[in-house]
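**Q** Residues per chain are reported as follows:
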Amino acid sequence: MSVASPAIRSTRLIVGLEIHVELRTRSKMFTRAPNPAHPEFEGREPNELVDPLVAALPGTLPVMNRRAVEMSALVGLALHCTIAKRCRWDRKNYFYPDLPKGYQISQYDQPLCADGFFDLPLAGGVKRIGIIRAHLEEDTGKLGHELPGGFHYDGSLVDLNRAGTPLLEIVTAPDFTSADEVVAFAQELRNLCRFLGVSEGVMQKGHMRFEPNVNMAITLEDGTEIRTPVVEVKNLNSFRAVKGAIEHETVRQVEAWKRDGRVMGRGMKATRGWDDVKCETVLQREKEDAHDYRYFPDPDLVPVEIDEAWLARLRAELPEPPLARRARYVKDYGLAAIDAENLTAERDDCLWFEACVAAAGGGAKAGFAIGKLLRNTGAKWANERGVALSALGVKPERVSELFALREANTVGPQAADQLFGLLCDGDAPVQELAERHGLLQVRDDAALERWCDEAIVAQPQAAADVRAGKLAAIGRIVGAAMKASGGKADAKTLNEMLLRKLKP
Amino acid sequence: MNLSDATEIRDAVRSRKVKATEVVSSLVARAKAANAKLNAFHEILEEDAMRQAAAVDAAVAAGRDPGPMAGVPVAVKDNIATHEGHTTCSSRMLENYRSPFDATCVERLRAAGAVVMGKTNLDEFAMGSSSEHCAWGPVRNPWDQARVPGGSSGGSAAAAAAAICGVALGSDTGGSIRQPASLCGCVGFKPTYGRVSRYGLVAFGSSLDQIGPLARTVRDAALTYAVMAGADPRDSTSAQRPVEDPLQDLERPIEGLRVGVPTQYMSDANDPRVNTLIQSSLDRLRGAGASIVPVELPLTDVGISTYYVIAPAEASANLARFDGIRYGHRAPARAGQSLDDLYAESRAQGFGPEVQRRIMLGTYVLSAGYYDAYYGRALKVRRRIKAEFDRAFETCDVIAGPASPTPAFRPGELSDPLQMYLCDVYTVNTNIAGIPGVSVPIGFVEDGGTRLPVGLHLQAPAMADARLLRAARMVESLHASACVSAPI
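Residue numbers (my numbering), protein chains in the order written: chain A, 1 to 504; chain B, 1 to 488.
Please keep in mind that the hints were generated in silico from the structure rather than gathered at the bench.
Here the structure is a predicted model, which means the values were calculated and not measured.
Relax, there's no trap hidden among the hints.
Listed next, the in silico SDA-like pairs over lysine to any residue satisfying Cα-Cα at most 25 Å (straight line):
id	chain 1	residue 1	chain 2	residue 2
1	A	K85	B	R383
2	A	K331	A	A364
3	A	K92	B	R326
4	B	K380	A	P299
5	B	K380	A	L301
6	A	K142	B	R330
7	A	K142	B	E345
8	A	K85	B	T237
9	B	K380	A	P297
10	A	K92	B	R357
11	A	K92	B	Y327
12	A	K92	B	L361
13	B	K380	A	Y295
14	B	K380	A	Y293
15	A	K92	B	G369
16	A	K92	B	R330
17	A	K85	B	K380
18	A	K85	B	D235
19	B	K380	A	Y108
20	A	K142	B	D340
21	B	K386	A	L301
22	A	K142	B	A333
23	A	K92	B	D235
24	A	K142	B	L339
25	A	K92	B	Y370
26	A	K92	B	G324
27	A	K269	B	Y370
Chain B is nowhere near these chain A residues, computed Cβ spacing over 10 Å in every case:
id	residue
28	T82
29	K127
30	E255
31	A312
32	N495
Every residue gets a Cβ at the ideal spot worked out from N, C-alpha and C, and that includes glycine.
Use the sequences and the hints to build the structure in full.
**A** This is the structure in structure tokens:
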């Protein structure tokens, strides 16, 4: 029977996000075994990346991977966090077959990074998202029910390849008010981590996993506000799932409140999973704090001490974040926001773009022109070849040469496009390529006259229109002349010449 | 030649007076015979030992340096990983377990020419003070087989005392090297925490555990320690500071040695015969030029309670890996067995009662709502105990007292766990403070027609291991008649 509930005036979504980032160190968090989140070691056979420590053999001891701490601190710095001068490791105790030691080494009350923020650009302006903390821990292994070759196994199989991979857990404040905001943030964070070089950020491979904490604020007709119990949706590894899960909770929680009247409070937090097929969240565990992890400081590890010198080295290592680059492209180069966004979408492409601009001597003109060139011509060729822009094999110096030829109007836009394609096939000085393929702009007046005359003959109607004063018709004749030139003529010159010829 | 004197063996092997293979084969023969009575060894690795000895002989023959422990047979406590033989921790849980690697200390001993001759029995997972709670049967005291050798390094202490090994390795979490050394009449040395790498030691209480030697003489203990000690990149808690060579000045008595004697140590609760022996040893020290200084360690009493919060808490997590999933005992599958059942049954079958008791104790003290009252408080007391030692060492160089309140007792005599825990009353605080301690034989008490050894326990400030061993050597030289091997 449904509980009689007062009428709802409005509802408001509240979301905080936990993000797990697998760091791409070469070795695992506490041992030398290779890390599957590093591209060199991904996709290995089950239990190939296991050493005595990963298997938790008796007598083994953890030794901290300094690089993992550094990568985490880099993320922390990029998120404007305070980096702890001293923090320690704790044991989180629970039994599960994917957790070989019976405890996970994590950071409980002394996280490496705390109190930061991220300025998220949204359509209506920038929204500041609070970062509560970011701490480092080790990932677990995986349980499966499939034998190599895809055969079903009638029990559980443990693969410890992932066990011990360094995992950075970032926790935001409950500052999101829509699923789209969360997704926008998740995408920006992924991009940031890739720019920092701390994670491959391949969602399908689980390099980043998202866990939104969702509840609803419901304002009743009498003005009182109640809040629904918080639901943590576990292990989402696609932006689509993040969006779907939050949107589903937005509806489900209000309906659930109407049914049972339950509100937020101690012991009310539930854990749900995401069903990708049904597109809904499903209950996994009620009453989250029934679990007692018996955290205590790990006596096998010494506290991490980060002195000023170390921090200074990390600050120096910190690359310019993608959002800052994006703003710079708009402000300094005059690129459109959409172009700037596109150029910063992939770290390697973005760095390659900047290398091209640098090769051309930098500056607004080069930035703008090369930006446009890559967004149009470059993107077209990359798309055609099915590779990233930076993987086309074109050297930044060649792009700079191409830019110079265009600037001097030595080659036309069509020729530039062709030249870019030729550069994808093999490296050569662009001037030489243009000469060899006859792509230099023709300035021979006799040839231009001949192409114009041919075009007037080929387009009698348009010619008549122009003569009658309908100047717009000139475009068709210019096009025909350009075609006759094989793209080697300069459109502006043709235009002028045709007007001269057709003017009464 | 004395086959149980590591230094003599080493010298003889290096000078080609004897072959390492000869040393090993005769000591192994003796160990096999004695082991039938003592049960000190779980495993005597004759073939492996002979192979290692042959390699030492080959090095000597080739004119290569065979190392500072050339040909010395070492008995290794069975909670220290060796890639030969088993590493069972005297537990059914690890009955068939073989380690794919050597502990760092074992690796260093081998590199120094020492030979691993076998694995010794202990109280399961080093939890106990009598070596009765061993899955492979109780170890017996070589001076009186009707008595316990102490524990948990009882097998190593019995082997060292009975001269059936060159030296032995033990581990000491609350007295597990020093108390059995006292009860068996050999030298047992627990170095400063972090001085010997714990890599390869099956963890019990990680912040307390320390590996150390048990030997016939202080010199052999110092030699073994010198080979094992030093920073290890595989153990983050190992001390980085360079090791002071304990052999350099070992034979030179410390002039004006100030021996602190806490009033709390000479308690009426001790066996009066033990107190008499300790007193006479202190008198001899004074006669040899040392000054005896009274000191106060009022927190001596709370050591046991503090220890029985910290050690089980750490153990409860350290032993969680024995879950029957990857290795070790796994309960037979049965219909309707859930994952939790599998864990519970495997652990109930694999662990003995004392281990289960401590896991439960540790799990309890770490539980939500109890942490502050128990674990948090124990850590605070721990800091105070450390501070108390620091204060005491302002007026003395070493602190002396009994290693054990009683000589060796009979199996079953301390059936109440709490009574058993009190065996370590004078040794636990050494571990809690992380300082070094050593037990040196100083004489015997007569009991029912048998002689039972008693040791003097010396402690020194952290990192003063060399000083401590020098003081121990002074004590040893004052008690030559006590330093004899057991009549086995």
